[in-house]
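Chain by chain, the residues:
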Amino acid sequence: MDEEYINSFVEAFYTILPSFGIEELKITNLEVKENMFSNEEVTAVVGLTGSVRGNIAYSFSEDSAKKFASAMMMGMLIEEVDEDARSAISELSNLITGRGCKILSNNEVFTDFTTPTFIIGKNIYFLISTVKTLAINVETTAGAMQVNIGLEL
Amino acid sequence: MNKEFIQPFVNGVRNVLKKIASVDVKTNEESFEENSEIKSKGVTSIISYSGKINGRFLIDMNSETAISLTRRITGRTYDTAKEPMVLSTVSELNNIIAGDGLTDINNKFSMGLRLVPPIVFTGDNALICLDKIPSESVNINTEYGDIRINIAFERSPEVSG
Amino acid sequence: MDRKQVLIVEDSLMIRDLLQKALEKCGCIVCAVAKNGKEGIEMFKEHKPDVVFMDLNMPIMDGSDAIKSIKEISPEAKIIVMSAMGDDETIAQVEAMGVTSFIKKPFTLHDIVTVLAAMS
Numbered sequence: 001m002d003e004e005y006i007n008s009f010v011e012a013f014y015t016i017l018p019s020f021g022i023e024e025l026k027i028t029n030l031e032v033k034e035n036m037f038s039n040e041e042v043t044a045v046v047g048l049t050g051s052v053r054g055n056i057a058y059s060f061s062e063d064s065a066k067k068f069a070s071a072m073m074m075g076m077l078i079e080e081v082d083e084d085a086r087s088a089i090s091e092l093s094n095l096i097t098g099r100g101c102k103i104l105s106n107n108e109v110f111t112d113f114t115t116p117t118f119i120i121g122k123n124i125y126f127l128i129s130t131v132k133t134l135a136i137n138v139e140t141t142a143g144a145m146q147v148n149i150g151l152e153l
Numbered sequence: 001m002n003k004e005f006i007q008p009f010v011n012g013v014r015n016v017l018k019k020i021a022s023v024d025v026k027t028n029e030e031s032f033e034e035n036s037e038i039k040s041k042g043v044t045s046i047i048s049y050s051g052k053i054n055g056r057f058l059i060d061m062n063s064e065t066a067i068s069l070t071r072r073i074t075g076r077t078y079d080t081a082k083e084p085m086v087l088s089t090v091s092e093l094n095n096i097i098a099g100d101g102l103t104d105i106n107n108k109f110s111m112g113l114r115l116v117p118p119i120v121f122t123g124d125n126a127l128i129c130l131d132k133i134p135s136e137s138v139n140i141n142t143e144y145g146d147i148r149i150n151i152a153f154e155r156s157p158e159v160s161g
Numbered sequence: 001m002d003r004k005q006v007l008i009v010e011d012s013l014m015i016r017d018l019l020q021k022a023l024e025k026c027g028c029i030v031c032a033v034a035k036n037g038k039e040g041i042e043m044f045k046e047h048k049p050d051v052v053f054m055d056l057n058m059p060i061m062d063g064s065d066a067i068k069s070i071k072e073i074s075p076e077a078k079i080i081v082m083s084a085m086g087d088d089e090t091i092a093q094v095e096a097m098g099v100t101s102f103i104k105k106p107f108t109l110h111d112i113v114t115v116l117a118a119m120s
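Chains as they are written, first to last, in this note's numbering: chain S, 1 to 153; chain V, 1 to 161; chain F, 1 to 120.
It should be emphasised that the hints constitute simulated quantities derived from the structure, not laboratory data. Idealized CB from N, CA, C, for every residue including glycine. Fair warning: there could be bad hints in the mix.
[Claimed, not checked] Ranges between beta-carbon positions, derived for each pair: (1) E24(S) <-> E89(F): 47 to 53 Å; (2) E4(V) <-> S61(S): 38 to 44 Å; (3) T77(V) <-> E24(S): 48 to 54 Å; (4) K48(F) <-> E91(S): 35 to 41 Å; (5) A92(F) <-> E108(S): 24 to 30 Å.
[Stated by the list, open to error] Distance condition first, Cα-Cα at most 25 Å in a straight line; then the derived DSS-like pairs of lysine-lysine: (6) K41(V) <-> K122(S); (7) K39(V) <-> K108(V); (8) K25(F) <-> K78(F); (9) K39(V) <-> K122(S); (10) K33(S) <-> K122(S); (11) K35(F) <-> K82(V); (12) K68(F) <-> K38(F); (13) K67(S) <-> K26(S); (14) K18(V) <-> K25(F); (15) K82(V) <-> K41(V); (16) K132(S) <-> K67(S); (17) K19(V) <-> K108(V); (18) K18(V) <-> K68(F); (19) K33(S) <-> K82(V); (20) K19(V) <-> K45(F); (21) K68(F) <-> K25(F); (22) K78(F) <-> K18(V); (23) K21(F) <-> K45(F); (24) K25(F) <-> K33(S); (25) K52(V) <-> K102(S); (26) K21(F) <-> K19(V); (27) K19(V) <-> K67(S); (28) K122(S) <-> K19(V); (29) K45(F) <-> K132(S); (30) K104(F) <-> K21(F); (31) K82(V) <-> K122(S).
[Stated by the list, open to error] Covered by chain F, according to a simulated footprint, are these stretches of chain V (three or more residues, beta-carbon under 8 Å): (32) 107–116; (33) 135–148.
Chain S extracted, bound-state conformation:
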């Protein structure tokens, strides 16, 4: 996958997450997978259209999802991934994707993105795309976030 896409979204994590007090970002894994799949419990998926088509999935364990949601809600204690927590995670996926798309547009790549779809459950096996997918694991003070970027390039 083109470096400019990787860089746009990595830059987006580094811009958006710290604004919610989610710090010490470390990319612990970066790999290209044949298909896009996730088996975490919580996932928010955003679709892209325009110059580039595809999906970006932000996945978390239930535990990390609660911590990320808590950070987004000013440190409020989150005991379960309830409606507010889901809304927060969806919003996070929206903000990161939006930021990534804005950076791409500065490089003359124009995309639009759709409302996030939020899925929660056990033993979830997703097939998000048959494109080669870039899977990025980001460790933070709020736990790990797995980002799968599957773009038709």
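Let chain S serve as the given structure and place chains V and F on it in line with the hints.
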């Protein structure tokens, strides 16, 4: 939601299952509002679209129905819904059904709607949390089991055509 | 009937499977299968098929870009485009590409027979 935006998808399910799988569907075609979440029956595929407005189409069935439809289409048997051909089939059926629905809507109302690649998943007790955009579901019955479809548009589409 | 050599360019596993079966029933030989437009161009160069069945929306390189490239290699190439969308705008776009025919998914065996017959 204006029924003119629901009917094309119901017709899509009917046309596509008949043409690809020779399966007849039965539905009372009464749609009902979904408010906050949909519990997946076992295999769910979601496809988003954007254009003059954004929206999402969802198709949901249990694992047995997914496996049976795939077997009907490909002539081969499968052990679980996780198998690539089963997931590919549900995903592609979703793509074609949504394409059918949007073709009709675009032609009638000039919405310029375009599809994003679909996603498909299986899971235990998966919940799909619907954003606050209005959506309606329709239950459809086939000889291989029930299918639920859900149609969402981010705001009530204005009929311009 | 001479057996046509066909290249399939389609990202969906299910459609590739169905289309291959339908084409073989029609007496065609599927000489190659590609999962995206880029692979499609490479296989076109390698196999020089009589006809290409090409999906419009695909990863890596979509149908319209692949068609342009194939037409540059071989302006008389026979390309049949397939798509889930069949609205007026899509059809106008497809016609502007100078393709042989357009099939809206879902297709039946009869649809395949019809487009192949129209080519002969």
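So, going through the hints one by one against the coordinates:
no. : hint                           : verdict
1   : E24(S) <-> E89(F): 47 to 53 Å  : holds, 48 Å
2   : E4(V) <-> S61(S): 38 to 44 Å   : holds, 43 Å
3   : T77(V) <-> E24(S): 48 to 54 Å  : holds, 50 Å
4   : K48(F) <-> E91(S): 35 to 41 Å  : violated, 52 Å
5   : A92(F) <-> E108(S): 24 to 30 Å : holds, 26 Å
6   : K41(V) <-> K122(S)             : holds, 13 Å
7   : K39(V) <-> K108(V)             : violated, 33 Å
8   : K25(F) <-> K78(F)              : holds, 20 Å
9   : K39(V) <-> K122(S)             : holds, 12 Å
10  : K33(S) <-> K122(S)             : holds, 22 Å
11  : K35(F) <-> K82(V)              : holds, 21 Å
12  : K68(F) <-> K38(F)              : holds, 12 Å
13  : K67(S) <-> K26(S)              : holds, 17 Å
14  : K18(V) <-> K25(F)              : holds, 20 Å
15  : K82(V) <-> K41(V)              : holds, 14 Å
16  : K132(S) <-> K67(S)             : violated, 30 Å
17  : K19(V) <-> K108(V)             : holds, 23 Å
18  : K18(V) <-> K68(F)              : violated, 34 Å
19  : K33(S) <-> K82(V)              : holds, 17 Å
20  : K19(V) <-> K45(F)              : violated, 34 Å
21  : K68(F) <-> K25(F)              : violated, 29 Å
22  : K78(F) <-> K18(V)              : violated, 29 Å
23  : K21(F) <-> K45(F)              : holds, 24 Å
24  : K25(F) <-> K33(S)              : violated, 35 Å
25  : K52(V) <-> K102(S)             : holds, 20 Å
26  : K21(F) <-> K19(V)              : holds, 15 Å
27  : K19(V) <-> K67(S)              : violated, 48 Å
28  : K122(S) <-> K19(V)             : violated, 35 Å
29  : K45(F) <-> K132(S)             : holds, 23 Å
30  : K104(F) <-> K21(F)             : holds, 18 Å
31  : K82(V) <-> K122(S)             : holds, 14 Å
32  : 107–116                        : holds (count 4)
33  : 135–148                        : violated (count 0)
Of the numbered hints given earlier, the model fails hints 4, 7, 16, 18, 20, 21, 22, 24, 27, 28, 33; all others are met.
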